[in-house]
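Q: Let the hints inform the model, and build the full structure from the sequences given.
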Amino acid sequence: MKISSLFKKFLLVLTLFITVWSCSKSNNDLTPTPVDPIDQAVQTLIDDVLIVDYLQTHFYNAADFQNPAPNFNFDIIFDTIAGENSTQTPLFNQVEKKSFVIDDVTFNYYILKINEGFGNRPHFIDSTLVNFRGSLLNNIVFDSSVNPIWFDLGTVVDGFRQAMLEFKSAESSSLNSDGTSTFTNFGVGAVFFPSGMGFANIPQPNVPANSPLVFRIKLFASLEADHDLDGIPSWMEDLNNNQNPSDDDTDGDRFPNYLDTNDDGDLILTFNEIIINPDGTITFPDCDGDGIPDYLDKDICPK
Numbered sequence: 010m011k012i013s014s015l016f017k018k019f020l021l022v023l024t025l026f027i028t029v030w031s032c033s034k035s036n037n038d039l040t041p042t043p044v045d046p047i048d049q050a051v052q053t054l055i056d057d058v059l060i061v062d063y064l065q066t067h068f069y070n071a072a073d074f075q076n077p078a079p080n081f082n083f084d085i086i087f088d089t090i091a092g093e094n095s096t097q098t099p100l101f102n103q104v105e106k107k108s109f110v111i112d113d114v115t116f117n118y119y120i121l122k123i124n125e126g127f128g129n130r131p132h133f134i135d136s137t138l139v140n141f142r143g144s145l146l147n148n149i150v151f152d153s154s155v156n157p158i159w160f161d162l163g164t165v166v167d168g169f170r171q172a173m174l175e176f177k178s179a180e181s182s183s184l185n186s187d188g189t190s191t192f193t194n195f196g197v198g199a200v201f202f203p204s205g206m207g208f209a210n211i212p213q214p215n216v217p218a219n220s221p222l223v224f225r226i227k228l229f230a231s232l233e234a235d236h237d238l239d240g241i242p243s244w245m246e247d248l249n250n251n252q253n254p255s256d257d258d259t260d261g262d263r264f265p266n267y268l269d270t271n272d273d274g275d276l277i278l279t280f281n282e283i284i285i286n287p288d289g290t291i292t293f294p295d296c297d298g299d300g301i302p303d304y305l306d307k308d309i310c311p312k
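For the record, in the sequence shown the residue sitting at position 3 is 12 according to the working numbering, with numbers rising by one throughout.
Honestly, the hints are just simulated from the structure, not real lab data.
There may be inaccurate statements among the hints.
When the alpha-carbon atoms are kept at most 25 Å apart in a straight line, the in silico BS3-like pairs for lysine-lysine are as follows [unchecked claim]:
id, residue 1, residue 2
1, 107, 122
2, 106, 177
3, 177, 107
4, 122, 106
5, 177, 122
So the derived label-pair ranges between C-beta atoms look like this [said to hold, decoys possible]:
id, residue 1, residue 2, range
6, 194, 232, 14 to 20 Å
7, 298, 235, 51 to 57 Å
8, 129, 156, 18 to 24 Å
For every residue, glycine included, the Cβ atom is placed at its ideal position computed from N, Cα and C.
A: Quick look at the structure:
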């Protein structure tokens, strides 16, 4: 009797689950202590098995992108490798495996990069104009956009945000007579990521708890965000470079720097402690030479 490779993988994950369960008990306690159902270190292993199986058994409409028809919409279509499609190349052979760490847990996710794009690459907290289609591994769509929509990347789930950082915006755009826009050479691709980079154990409309997610993405435009309008782009106010600007609060006033017009809490607004050059670059003066730029230094130099 044959055992499917997916079943074998599940047995491996189940063995690991039982091992963690057993090790969580004290030597004197014979009462089973199950692993926390939202333990992401365990859940992400389960999710990865499911994602890899999907990637190994599905393909996308690559031929449509290689020889696009005049009115091709650049929609990605996934289908099962079977029957007349049995010779198709698995997605697993075409994706790039990436990793992302959240709370000391490493999550694997997979990027299908069909067209990287020729414009600007967004930062993790920029505003992006996209078309998207979010689905489960059973291909049920839980959310999508018909027309391009603006997203603040600081407000989306980790998996979607990390995917956007892999693409660039359109090379050019033009306004049509009906008010719509046409974009050329924009970013097109998809991302497959575990539940811990999505909604985790919190169910959403049409998304059960602990669901790995798939997003098909078209990136049309990207705008550098300055949420507090202090002259410093929000991504530059992530001082510890952990893609979480909310934990950077120089003056401790409970307003993170990217939402604070006076980052150091002195009597001078941040905008007045920096120099925006004609080419758009920023100079950060340090009047007392202590290695701390003025906009982050509460010490005020005498005029």
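Q: Let me make sure I understand: some of the numbered hints might not hold for this structure. Which ones are they, in numerical order?
A: 7
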